[in-house]
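> Residue-level listing of the chains:
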Amino acid sequence: MTRITDSKAVTLPVLLTANRLTDGVVLWMAGDTSWTANRNEAVAFTAAGLTVARDQAKADLANQRIISLYEITIDGTGKHSAREQIRAAKGPSIQPLRDQHNQGVSNV
Amino acid sequence: MYKYDNLDQSFLQSRSAQFRDQVQRRLSGALSEDEFKPLRLQNGLYLQLHAYMLRVAIPYGVLSSDQLRGLAGIARDFDRGFGHFTTRQNIQFNWIKLVEAPDILDRLAALDMHAIQTSGNCIRNTTTDPLAGAAHDEIANPLGWCEIIRQWSTLHPEFAFLPRKFKIAVSAGATDRAATGFHDIGLRMVKNRGGEIGFRVLVGGGQGRTPRAAQVLNAFLPTRHLLSYLEAILRVYNAAGRRDNIYKARIKILVEAMGISAFADAVNSEWLGLQSNGLDLPVAEQDRILAHFAPPVLKPVRDGSAEVLARRQADKAFDLWAASNIHPHWHPGYSSASVSLKQIGRPPGDASASEMIAIADLADQFGRGELRITYTQNIIVPHIKLIDLPTFYDGLIKAGLAGAEDALIGDIIACPGLDYCNLANARSLPVADRIFARFDDPSRRHEIGPLRLNISGCINACAHHHAADIGVLGVNKKGVEHFQITLGGKAGEAAQIGRILGPSFAEEDVPDAIETIINIYLGARHEGEIFAACLDRLGIAPFKEALYGTG
Amino acid sequence: MAPVEDGSLILFDLAASDRLADGESLLIQPDYSLSTNDDVPDADHIARLSSIAIVFPVFSDGRGFTHARRLRTIFGFTGQLIADGHIIPDQADYLFRCGFTHVVVTPDRLGDWQQARRFIRIHFQSMPNSRHSRLDSLSDASSF
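Chains as they are written, first to last, in numbering that gives the first Met the number 0: chain Z, 0 to 107; chain F, 0 to 550; chain X, 0 to 143.
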């Protein structure tokens, strides 16, 4: 997404995110265009760096590394914030049920 | 229950082998993601927010105690020790790895289970009344017909790539406990004047963006013509359903566009050509399947009502539980009991592996080793002797499963919502918890009486909020999760879509809003008048007024 | 259009689960070609055809299967029914049972097509060319 300011096109920073093909784990593109499961290592790309990142992402789609690639534009509106927070937390916001192994034995 | 033989089991094994091959070809790149996606969906594998989700079929909601224990084992070995029961009587596991899915399908096959066609643009799990075969008000047992439909729809070569998903429900009780009015095809078992049993065929019901109550397509279809008739409907839909817009691709849109008359003409015209095609099962095969669902031979037993009454008088908690969780049976000495999976701190419909095992064991000890998953995300154990109910209840307490009560305000249906689902706009689980906390007192829940409250995290309405007395719909309002409230939905015979009351509420304001609605009801109701009836009588105006003031 | 094999397209025989044998002459150019979007031609026209191709713009457009079944059972078409366009090997069983005789495939996928029908050999529907696996005898419907 670009805005024209003072006759210069400015690209808003973009995070690239996807899921790993083999296990569906949420990934973000890191600074070296590798994929990381750690949200803190995610880098927002702009301009030339973004082009390189996108090319790498396309290649990773084609090479069966990732699926469901999309971009998160950092534009300050917080439009996806709830969803992205939950993705970043890698789990639901509520406490899931905990299994109690000392109760009952599976016969499988 | 339907017993798998060598043929059925070989089929599952071959399906599993096929999927293993497809996964390998996906990993090697021989299949693109676009090509693989419908294939994995038709084996129940979704990509969700955090991982893959596997939706395992529980055909028409019936499973054995061994199968439930087997699902517990899968939850432990391949997931995080719990599963989620859905409004279509299936179970979902949320933390699945694609590379392990073939092994899971093999494990399921060994249990006579599978994930075939639980997702994708195909015919999905046929659902029914969870009391089927044990109910006191049935014309016939619908389970055998559900199994006949299941087999016919399994890998049906013409209908594997429909415009959209296709859901069939069957009901045979005096009240429709299968929400047939909100399915693509609803089948209600009826008797004609000659005493012959057949189906009243409804078509074009659904939830989602454009909720619709189904319309009558055929007032009486003899049972022997079921499959050829279904084939005719599916063929008209497959050929003419819209494929240009996924929000307009369900059969309800086609029925509305054509009009029910023209649609019926198209189906009848197709059906004329189909009846002689050998699609309807030979009587011998039909009867072979139906025989699996003959009424169980129940041991004679003395009437246990005195024991139950005595316990109810002595134990307030049991009294409240019994008032809502015991269902009458066709045999006077027996009953069916609901195990509620609704509780504060529990996502509605979730059960841990240890809980699944405990419930399976109770079904063995007190039932007939058979369980039912309900449309409301609970579990029913059918065929329990009345005299055993107090001890069964004690078993539930021990397992921490006395929970909430069936069909009262605590019996919330909620989709997984934004915590798990890629499609959601808002989280449904925290809202469910807040509402449950507000109505935490069982006596109060009983005082309020029967009330269906459903929470959907987005307009896809997987929690059927349109069909609820009180519906809650999650929306995204400028990045903040908000919740719209609807009133007056009905899932039974006279299916009805709820009406939006007004602007949405922030999450923390939802419990107040619900309580306001409840208080209006409690203040205005006549003696013994349930919420739905009171709302019919008053209309939504007083509720709207109380929530939003004079506009 | 192309002859049987021109290096870029192969005509695959679904019943045999293999490419056509050398010497079998069947052109990929059928008498009539329709897309999944089209209606089937009228009965008189169909009666004069010996080969029909149904073109799938995308493999998930399932109308082609209904076309095939209608052609076989309502119109009684007995000629070659060829699936063309975007189709994947995993549809082989469905294509065969709906009455397709051939598929136009690319060489790189021939191996997958040859394997495709070996997986699902048990069926729960009676079709003219494939019996419901549990039933003892074929239905009366004629096979072609």
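Just so you know, the hints here were simulated from the structure itself, not pulled from any lab data. There may be inaccurate statements among the hints.
List time: in silico PhoX-like cross-link candidates among lysine-lysine, alpha-carbon distance up to 20 Å [as the list claims (entries may be wrong)]: (1) Z:K89 / F:K96; (2) F:K36 / F:K164; (3) F:K96 / F:K164; (4) Z:K57 / F:K164; (5) F:K315 / F:K397; (6) F:K36 / F:K96.
Using C-beta positions, here's what the derived DEER-type ranges look like [to be verified]: (7) Z:T35 / F:L422: 23 to 31 Å; (8) F:I259 / X:S49: 36 to 44 Å; (9) F:I259 / Z:V51: 54 to 62 Å; (10) F:P294 / X:S132: 27 to 35 Å; (11) F:Q23 / Z:T45: 33 to 41 Å; (12) Z:R64 / F:D102: 18 to 26 Å; (13) X:D38 / F:Y547: 49 to 57 Å; (14) F:K476 / Z:L11: 17 to 25 Å; (15) F:V215 / Z:T35: 55 to 63 Å.
Chain F residues, not near chain X, derived (Cβ > 12 Å throughout) [said to hold, decoys possible]: (16) Q41; (17) R106; (18) E526.
Keep in mind the model is a prediction, meaning the values are calculated, not measured. Even for Gly, the Cβ is constructed at its ideal location relative to N, Cα and C.
> So, for every hint listed, does it hold in this structure?
Okay, the hints, checked on the actual structure:
1. In summary, the hint linking K89 of chain Z to K96 of chain F is supported, as the alpha carbons are separated by about 14 Å, within the 20 Å threshold.
2. Between K36 of chain F and K164 of chain F the CA atoms are separated by roughly 14 Å; this keeps the pair inside 20 Å, and the hint holds.
3. For the hint pairing K96 of chain F with K164 of chain F, the CA-to-CA distance comes to about 24 Å; that exceeds 20 Å, so the pair is violated.
4. A threshold of 20 Å between alpha carbons decides the hint, and for K57 of chain Z with K164 of chain F the separation of about 30 Å lies outside it, so the pair is violated.
5. Under the criterion of a C-alpha separation no larger than 20 Å, the hint pairing K315 of chain F with K397 of chain F is consistent with the structure, at around 17 Å.
6. Straight-line distance between C-alpha atoms of K36 of chain F and K96 of chain F comes to about 15 Å, which keeps the hinted pair within the 20 Å bound.
7. T35 of chain Z and L422 of chain F have their C-beta atoms about 26 Å apart, which keeps the hinted 23 to 31 Å range intact.
8. The beta-carbon spacing between I259 of chain F and S49 of chain X, approximately 41 Å, falls within the hinted interval of 36 to 44 Å.
9. Range check, I259 of chain F to V51 of chain Z: about 57 Å between beta-carbon atoms, so the 54 to 62 Å window is met.
10. At roughly 29 Å, the beta-carbon separation of P294 of chain F and S132 of chain X lies within the given 27 to 35 Å, and the hint holds.
11. Between Q23 of chain F and T45 of chain Z, the C-beta spacing of about 39 Å keeps the proposed range 33 to 41 Å intact.
12. The beta-carbon spacing between R64 of chain Z and D102 of chain F, approximately 22 Å, falls within the hinted interval of 18 to 26 Å.
13. In this structure the hint that D38 of chain X and Y547 of chain F lie 49 to 57 Å apart at CB holds, the actual value being about 52 Å.
14. Checked against the hint of 17 to 25 Å, the pair K476 of chain F and L11 of chain Z passes, with Cβ atoms roughly 23 Å apart.
15. As the Cβ distance of V215 of chain F to T35 of chain Z is approximately 57 Å, the hint placing it in 55 to 63 Å holds.
16. The beta carbon of Q41 of chain F is not kept farther than 12 Å from every beta carbon of chain X, the shortest such distance being approximately 10 Å.
17. The claim that R106 of chain F is not at the interface with chain X holds, since no C-beta of that chain comes within 12 Å of its own (minimum 19 Å).
18. The Cβ of E526 of chain F lies farther than 12 Å from every Cβ of chain X, with a closest approach of about 53 Å, so its non-interface assignment holds.
Violated hints, listed in ascending order, are 3, 4, 16; each of the other numbered hints is respected by the structure.
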